[in-house]
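Since chain A is already given, all that's left is putting chain B on it; use the hints.
Protein chains in written order, with my numbering: chain A, 1 to 235; chain B, 236 to 573.
Simulated from the structure, these hints should not be mistaken for laboratory data.
Computed, partial: chain A to chain B, Cβ under 7 Å:
hint : residue
1    : 36
2    : 44
3    : 70
4    : 76
5    : 82
6    : 219
7    : 226
From chain A, some residues computed to sit far from chain B (all C-beta separations above 10 Å):
hint : residue
8    : 134
9    : 189
10   : 212
Quick list of simulated restraints, FRET-style, between CB atoms:
hint : chain 1 : residue 1 : chain 2 : residue 2 : range
11   : B       : 557       : A       : 56        : 31 to 39 Å
12   : A       : 87        : B       : 537       : 29 to 37 Å
13   : B       : 274       : A       : 105       : 51 to 59 Å
Even glycine gets a Cβ: it sits at the ideal position worked out from N, Cα and C.
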Amino acid sequence: MKILGIESAALVASVAIIDENVTIAEYTTNFKKTHSETLLPMLNEIVKMTGVNLKELSAIAISGGPGSFTGLRIGAASAKGLGLALDLPLIHVPTLDAMALNIYSSDALIVPIMDARRNQVYTGIYKNDHHLEVVRESMAVSIDELLDILREIDRKEKIKNIVFLGDGVPVFREYIDENFEIAHDFAPANLNRQRASNIAMIGMEMFKEGKTMISDDMRPEYLRKSQAERERNVD
Amino acid sequence: MKKSNVKILAIESSCDETAAAVVEDGRKVLSNVISSQIDLHTIYGGVVPEIASRKHIENINFVIKDALKEANVTFDDIDAIAVTYGPGLVGALLVGVGEAKALAYGLNKPLIGVHHIKGHVLANLIEHEELEPPFVCLIVSGGHTEIAIVKDYNDFEIVATTRDDAAGEAFDKVARSVGLGYPGGPKIDKAAKLGDSHAIEFPKARVNDSKYDFSFSGVKSAVLNYQNKANMIGEKINVNDLVASFQRAVVEVLVEHTITVAKDYNIKNVAMAGGVASNTALRSLMEEKCSEEGLKLHFPSPIYCTDNAAMIGVAAYFEYLNENFKDLTLNAVPNLEL
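Next comes chain A alone, as it looks inside the complex (with noise of 0.2 Å):
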């Protein structure tokens, strides 16, 4: 059984095919060249390398959000049209849960950052022991909040570490350092940002419980309304 992954939901782009216990190939680049011109190629060489026909997928599993709004609906429209070309169904996973796969068996808490801008991240609370277990679901808001959330959670059981990861790093590293108390750690290179194979594997496990949906339905969570909205909102 294979699921195709895709990842764009921020400065990654990166797709990911895997069978079963297997990645048979990963693309992925962290790199300013739009996810536009590159994700697609990206699925073409590891289709054209590999040798697999896409009709032999069981599913399409994409990054659904939050993120770069513009990033999470290349992806989508990428999904999408894959689905209602191959008719196959899509599975919609959430990006800062996929994040979390980078850590495997540990007792930390896992804390992917991913920098929302407006002074804002979205991040999730996660413990990977030997299966994912989500302590707070995806959530758009300010980093004392989210180290807030950190404390009340550390008064009722007490945590041993914390292991940051993502593009909300490197803008949230010293400022964690200077007013944190809690244990924690930063992810190194190669485990701190998102990776398609992640969305594939959490698209697998949803694939066998049947979380999939029709490709017409697919759309991002935003996790956030538009500006216009806020603001006429607001007034």
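Coordinates of chain B only, in the frame set by chain A:
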């Protein structure tokens, strides 16, 4: 490469309409599905790009499926996938471009990138079988005011453009200012019918240093000043007279310059394209002047004047004949030149 019975699935998402169509051989529209978002944007007084982009991604597969169903075809019958890749709102364009590329890749069919304005111009071919290049085309919409000489199906020369606002933009701004709301074009068209277009003399939308170019900021400002002055002295304005006079100032110059181009280049066929080409005052004056000058006028039905995908399928056919195909790196180009 076959030249007839070529069926193209076309996608258009450059602004606030999500549209898909199936067109055969560049003139025969088998389906033309448009999902308009206008109600969503009306409360904001204009198109909100982020809202438009979000609606596109929600609607796009449904619109494509409807287009196939209405045309009574399946993907197997389709020879190529075409998409508008500019100009337009970048976030909105990217939805159509991403979808079209994935479809072309997944179905292993050629991909064609189409210039939105080329589509508007060639929309004239749908209902005018006899129309062939060369012809002069006035392009008027919310984002464009141009006069093009269509030398061949793939060879356009822009001979006039606007120095500031697009005509449709000026309509929107004036409509908003006098309280008619959005979208300005149709609202002004309707109100102007009840007013006296000679009530007020506004400056003409031309520039001094060019025979063909337009400028709408002067007439727009004149309308706003007129309104402000009236407000200051507490005088009640007749909105119908005001917008009728404004519309006349704009329409007269659009028609005059188009006719001048046709005469200067000795071209007998004149066409109109874009949303503002539906304006009734523009149509009737253009008809009157063309017939005076012995020119033949063509314009599409309103359904092919608004943003639609059928026109993209028409333009795509001529790219198909030239085997002008795009690869998977095709990107949205918000300021794409003609």
